Amino acid sequence: MHWIQQHVTLEAKPRGFHLVTGEVMRQVPDLERIQTGIVHLFIQHTSAALTLNENASPAVRGDFERHFNEMVPENQPYYEHTLEGPDDMPAHIKASLLGNHLSIPIADGELAFGTWQGIYLCEHRNHAKPRTLVVTAYGERA
Amino acid sequence: MHWIQQHVTLEAKPRGFHLVTGEVMRQVPDLERIQTGIVHLFIQHTSAALTLNENASPAVRGDFERHFNEMVPENQPYYEHTLEGPDDMPAHIKASLLGNHLSIPIADGELAFGTWQGIYLCEHRNHAKPRTLVVTAYGERA
Amino acid sequence: MHWIQQHVTLEAKPRGFHLVTGEVMRQVPDLERIQTGIVHLFIQHTSAALTLNENASPAVRGDFERHFNEMVPENQPYYEHTLEGPDDMPAHIKASLLGNHLSIPIADGELAFGTWQGIYLCEHRNHAKPRTLVVTAYGERA
Chain A
11 MHWIQQHVTL EAKPRGFHLV TGEVMRQVPD LERIQTGIVH LFIQHTSAAL
61 TLNENASPAV RGDFERHFNE MVPENQPYYE HTLEGPDDMP AHIKASLLGN
111 HLSIPIADGE LAFGTWQGIY LCEHRNHAKP RTLVVTAYGE RA
Chain B
11 MHWIQQHVTL EAKPRGFHLV TGEVMRQVPD LERIQTGIVH LFIQHTSAAL
61 TLNENASPAV RGDFERHFNE MVPENQPYYE HTLEGPDDMP AHIKASLLGN
111 HLSIPIADGE LAFGTWQGIY LCEHRNHAKP RTLVVTAYGE RA
Chain C
11 MHWIQQHVTL EAKPRGFHLV TGEVMRQVPD LERIQTGIVH LFIQHTSAAL
61 TLNENASPAV RGDFERHFNE MVPENQPYYE HTLEGPDDMP AHIKASLLGN
111 HLSIPIADGE LAFGTWQGIY LCEHRNHAKP RTLVVTAYGE RA
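Here the protein sequences come in this chain order: A, B and C.
All the letters of the first sequence, read from the start, carry residue numbers 11 to 152 under my numbering.
All the letters of the second sequence, read from the start, carry residue numbers 11 to 152 under my numbering.
All the letters of the third sequence, read from the start, carry residue numbers 11 to 152 under my numbering.
If you're looking for bench data, these hints aren't it; they were derived computationally from the structure.
Each hint should be verified, as a subset may be incorrect.
No copy is singled out in the list; a pair is fine if it fits within one copy or between any two copies.
[Said to hold, decoys possible] Okay, derived cross-link-like pairs now, SDA-like style, lysine to any residue, Cα gap no bigger than 20 Å in a straight line:
#: 1; residue 1: K23; residue 2: D97
#: 2; residue 1: K139; residue 2: P83
#: 3; residue 1: K23; residue 2: G72
#: 4; residue 1: K139; residue 2: F123
#: 5; residue 1: K139; residue 2: R151
Predicted, not measured: the structure shown is a model, and the values here were computed from it.
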């Protein structure tokens with residue numbers, strides 16, 4: 011049984027949905043030491059999220075941003091938590107809808123992704139800082 | 011420590027929410043070798059999802075389909091990713107709202123479900139193919 | 011490799027979003043035996059959910075409740091599963107949107123939370139009973 015745990019920092023990004031598979035994975039080179047296992051990605055924030063979705067068309071990421079802005083609009087009359095700006099409360103709700111952690115199987119030393127899957131950082135704040143992930147991987151040694 | 015990992019194929023289903031606990035679990039007979047652990051189900055697609063919900067009333071699954079079609083409608087004017095048909099972009103969004111993986115505790119060699127819990131395959135495409143899961147289970151040997 | 015698994019009961023709560031980090035964690039004192047690992051929280055119900063979000067402002071939790079009631083309204087004409095009351099079908103949908111399990115990294119014997127993260131019990135029924143979690147933690151011994 012082998013355990014890897016480390017922090018990974020993602021550069022600050024504009025509000026929107028961003029494909030970050032490469033940015034995450036190249037910071038975790040030791041993952042190849044695990045033959046069969048799980049990699050767990052956990053974002054230590056409450057206004058950004060992680061999800062898996064289509065890794066090819068940038069229009070998909072744009073449509074996600076536009077749809078989430080319809081489904082969780084700013085400036086709803088019933089929002090009471092408005093001190094940190096109109097993007098803050100929607101950011102919290104979007105983050106919980108999408109989720110703050112992913113767990114992905116490792117098979118034969120690699121992420122067991124389907125052909126079209128990639129990791130999205132979902133950045134819901136207008137002026138975001140870098141985001142920190144805790145990456146924990148565990149499994150049988152390669 | 012014992013690890014099991016295998017692919018499971020679910021037969022092609024109509025668009026909608028389907029109870030698949032039996033179809034999944036009977037393909038993973040070795041799960042009984044684990045006394046205490048976790049089973050992780052990961053769908054290798056971006057337009058279908060997995061969730062846990064009520065395992066009794068078919069009306070619940072119908073209501074899920076109808077409500078998700080209201081919450082994530084087709085043909086929104088702001089969708090740009092429309093090449094693969096009107097059901098495609100909503101399918102991606104629904105998949106990320108519901109999530110592409112489940113992890114379920116194993117206790118005394120069985121899924122530690124509550125009385126009313128079952129596994130749903132959430133099929134969001136009109137003309138879907140079979141769907142592939144990677145099932146990874148790990149824990150202490152029975 | 012060390013495994014902990016136990017049930018945790020959360021007292022019955024009013025409909026709404028509740029910060030329960032303390033109520034959960036003080037029932038799992040053995041967690042400190044794990045140096046590096048994962049704690050997995052699984053709610054054995056289909057009309058309540060778990061999520062992570064902002065641990066400071068009660069207004070955030072109120073805004074969650076108000077927004078979810080807009081996004082998943084009661085008494086939609088297309089609901090067929092209405093036997094158990096107008097809050098029942100929305101409760102199922104909200105539960106699947108938020109998710110029924112969390113997994114959180116353990117680092118240096120503690121939950122690797124960001125500064126603002128806390129565990130929410132999302133109670134979607136008007137007259138709820140106590141809720142049961144299965145808590146499974148695993149990792150390297152401290």
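Within, between, both or neither: K139, R151 at alpha-carbon 20 Å = neither (35 Å within a copy, 34 Å between copies)
Measure nothing new, just compare the shortest in-copy and cross-copy C-alpha distances for K23 and D97 to 20 Å and report within, between, both or neither.
-> Classified as within; 15 Å inside a copy, 29 Å across copies.
Is the C-alpha distance from K139 to F123 at most 20 Å within one copy, between copies, in both cases, or in neither?
-> Between copies, since 17 Å is at most 20 Å while 28 Å is not.
Could you place K23 and G72 in one of the four classes (within, between, both, neither) given a Cα distance threshold of 20 Å?
-> For K23 and G72, only the intra-copy Cα distance (14 Å) is at most 20 Å; the inter-copy one is 29 Å.
Quick one: K139 to P83, C-alpha cut-off 20 Å, is that within a copy, between copies, both, or neither?
-> neither (22 Å within a copy, 33 Å between copies)
Checked against the numbered hints above, the structure breaks hints 2, 5 and satisfies the rest.
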